[in-house]
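Keeping their order, the protein sequence lines are chains A and B.
Every number in my numbering is 1 more than the matching position in the first sequence, counting from 1.
Every number in my numbering is 11 more than the matching position in the second sequence, counting from 1.
A couple of the hints might just be wrong.
[Stated by the list, open to error] Chain B regions said to be covered by chain A (calculated; three or more residues, Cβ under 8 Å):
#	segment
1	109-117
2	148-162
3	240-252
4	267-277
5	281-290
[What the hints assert, rightly or not] Here are the simulated distance ranges between beta carbons:
#	chain 1	residue 1	chain 2	residue 2	range
6	A	N126	B	P88	53 to 63 Å
7	B	L231	A	A211	38 to 48 Å
8	A	D301	B	S201	15 to 25 Å
9	B	G93	A	P43	31 to 41 Å
10	B	V121	A	G65	41 to 51 Å
11	B	V121	A	S116	36 to 46 Å
12	B	A66	A	H205	37 to 47 Å
13	B	M263	A	R218	21 to 31 Å
14	A	V108	B	Q260	51 to 61 Å
15	B	F41	A	N204	32 to 42 Å
16	B	P88	A	D58	52 to 62 Å
It should be emphasised that the hints constitute simulated quantities derived from the structure, not laboratory data.
Where is the CB? At the ideal position from N, CA and C, for every residue including glycine.
Take a look at the letters that make up each chain.
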Amino acid sequence: MFSYILKRLAIAVPTLLVLIVISFVLMHSAPGGPFTAERKLPPEVLANLNAKYGLDDPLWKQIGTYVWGIVSDFDFGPSFIYKDRTVNEIIAQGFPITLTYGLLSFVVAVVVGVSLGVAAAVRHNTLLDYIAVGVSIGAQVLPNFVMAPVLVLVFTLWLGWLPGGGWQGPEYWIMPVIALSTSFMASIARITRSSMLEVLTSNHIRTARAKGLPERRVILRHALKPALLPVISYLGPAFVAMITGSVVVDIYFSTGGIGKAFVDSALNRDYAVMMGVTILVGALTIFFNLVVDILYGWIDPKIRY
Amino acid sequence: MVSTTENTVAAQALPAKGRSPWADARRRFFRNKAAMMGLVILIGVALFAIFGNYAAQWSNEELDYNVMGQVAELGGPSLANGHYFGTDDLGRDLFARTVQGTQISLAVGVVGALIACIVGTLYGATAGYVGGRIDGLMMRLVDILMAVPYMFVLILLLVMYGRSITILFVGIGLISWMEMSRIVRGQTLSLKGREYVEAARATGVSAPVIILRHIVPNLLGVIAVYITLLVPLMVLTESFISFLGLGVQEPMTSLGALISEGAGTIAYGTTWQLGFPLLFFCLTLFGFFFVGDGLRDALDPKDR
Chain A
2 MFSYILKRLA IAVPTLLVLI VISFVLMHSA PGGPFTAERK LPPEVLANLN AKYGLDDPLW
62 KQIGTYVWGI VSDFDFGPSF IYKDRTVNEI IAQGFPITLT YGLLSFVVAV VVGVSLGVAA
122 AVRHNTLLDY IAVGVSIGAQ VLPNFVMAPV LVLVFTLWLG WLPGGGWQGP EYWIMPVIAL
182 STSFMASIAR ITRSSMLEVL TSNHIRTARA KGLPERRVIL RHALKPALLP VISYLGPAFV
242 AMITGSVVVD IYFSTGGIGK AFVDSALNRD YAVMMGVTIL VGALTIFFNL VVDILYGWID
302 PKIRY
Chain B
12 MVSTTENTVA AQALPAKGRS PWADARRRFF RNKAAMMGLV ILIGVALFAI FGNYAAQWSN
72 EELDYNVMGQ VAELGGPSLA NGHYFGTDDL GRDLFARTVQ GTQISLAVGV VGALIACIVG
132 TLYGATAGYV GGRIDGLMMR LVDILMAVPY MFVLILLLVM YGRSITILFV GIGLISWMEM
192 SRIVRGQTLS LKGREYVEAA RATGVSAPVI ILRHIVPNLL GVIAVYITLL VPLMVLTESF
252 ISFLGLGVQE PMTSLGALIS EGAGTIAYGT TWQLGFPLLF FCLTLFGFFF VGDGLRDALD
312 PKDR
């Protein structure tokens, strides 16, 4: 197990490096730079600016400096647009917010999705099953950017129950969390239902029933664990998609997370912030995939490393 | 696909007349009610995208000066002034805009899925066929690329190279071939031990020709399923990007851009500006998901 984790970490490092190099090369092969504004700067000023931010060094040296900054001081450099702010500050401001509603959405999607899926499978071919399947099929075509305006329309404009945007208290969390979690909840419910249906016909469940275990125990203890395996392998991609969805949530609900920082920097060509956010998300992705793999191995004793 | 063939042959050794696996799959597909519903929806959406312009009374660029400035009061859907879906915030006909948006979203979806499938199939088939260390290396690369947060990279790409629709097409296709390549590789591994591949190799056919002429045609079932399942994902991605204002640019539009515009103006009571694009977006996704699921059930040899 331990050596497996080490091995996975050994893959994680080159992955991050590839990500850094890709974004760096993309940045530098593009026409224009952060200082090519509508108002032309005198060439001397431009040269000074480029020298200050190290943009006149050869590419390999820039990448080296950048990576070394991250490795030695966890420093993502200064922002190219906001003169008095570093990338670290910008990310530190938005990240807790993204993490709050991201984790909440994740928990909601998993708990509701798994419950719905299990309920549908246990009451297979009943009204409950049909409702659960209907809900999960319907919710599949409702990604965050569809849910967000519809929620605002209903709960803010028509009913007036919830604030339409901002980030001040728990009532501001509700709509972002629903918007972000709906489509994942649907997918998780679908996956859980079909794998649960399969598990319920297997031999060990028949044995458990035959020896007289109460149905509750059969479902929760013997059927749920193996049925969750496909769900767990879906969690990695789902987590990435949720982080991506934070971009929409931040823009539409003005929640002020890192998604906002990313889009702003994309529109301003603030390369440093864009790269910082991309690398952070990449690192999170890698970390989360690792957690999912370990979880997988812990639940499924058949997997050997 | 090969195991389908085998099953069919085994199951139908006795009856005088055999059915091809494709005919079998077609029969299963047409019996699947959800898939048929999806197909009908898709045909409807496609007809709307292709012929909608002939039904429109306004072009997608004309401004209706009668409703301008009073869109919330006068711009609603009405048959009288020819704006079946109402007008957008500037007084442009939303019906024509939705037709245009559906066209572009479908085009991005289909082209993106095709690019992803071509790259993924060739990559996966090559890795699987060549095998050994090169295979390991190629699949490690896929592992690494899959951990890249692709939506962020796509946005990066769009910002760096200008928000042109070509970049959108290519970018969306190029970030989603990895899953496909894994599936194709797995299938190729089981195909390459077949007798006809061995025979081809024995007669001196070169590797690229074997891959293209003997391996890829036998993967068509898998490829067809994944193309239909990829298209809605591509439509989703494109709409996501356009919703953020980073995708398709005016005067062109897509369903995502229209949803974004509609979402921006709901506070003024112009609900139709959100409703109609949303309807077509959801219908398109529904159609593709149902057809994709149906195709998978019809072509997947496991479920027989």
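Right, here's what the structure says about each hint:
Interface restraint, the segment 109-117 of chain B with chain A: violated (0 residues with C-beta to C-beta distance below 8 Å; minimum three). With 8 residues bearing a CB less than 8 Å from a CB of chain A, the segment 148-162 of chain B meets the requirement of three and the coverage assertion stands. Chain A is given as covering the segment 240-252 of chain B, and this holds because 3 residues of the stretch bring a CB closer than 8 Å to a CB of that chain, at least three being needed. Given a C-beta distance limit of less than 8 Å, the hint that chain A covers the segment 267-277 of chain B holds, as 6 residues qualify and 3 suffice.
Residues of the segment 281-290 of chain B lying with their CB closer than 8 Å to a CB of chain A number 3, which satisfies the three-residue condition for coverage. A hinted range of 53 to 63 Å is violated for the C-beta pair N126 of chain A and P88 of chain B, which are about 41 Å apart. Between L231 of chain B and A211 of chain A the beta carbons are some 46 Å apart, a value that agrees with the proposed interval 38 to 48 Å. Distance hint check: the CB atoms of D301 of chain A and S201 of chain B are about 24 Å apart, consistent with the given range 15 to 25 Å.
For the pair G93 of chain B and P43 of chain A, the beta carbons lie near 55 Å from each other, so the given range of 31 to 41 Å is not met. In this structure the supplied range 41 to 51 Å holds for V121 of chain B paired with G65 of chain A, their Cβ-Cβ distance being about 43 Å. Checked against the hint of 36 to 46 Å, the pair V121 of chain B and S116 of chain A passes, with Cβ atoms roughly 37 Å apart. Hint check: A66 of chain B to H205 of chain A, Cβ distance near 59 Å, so the stated range 37 to 47 Å is violated.
A hinted range of 21 to 31 Å is violated for the C-beta pair M263 of chain B and R218 of chain A, which are about 59 Å apart. A beta carbon spacing of about 38 Å between V108 of chain A and Q260 of chain B contradicts the range 51 to 61 Å that was offered as a hint. In this structure, F41 of chain B and N204 of chain A meet the distance hint of 32 to 42 Å, their C-beta atoms being roughly 36 Å apart. Between P88 of chain B and D58 of chain A the beta carbon distance is about 59 Å. The supplied range of 52 to 62 Å therefore holds.
Of the numbered hints listed earlier, those contradicted by the structure are 1, 6, 9, 12, 13, 14.
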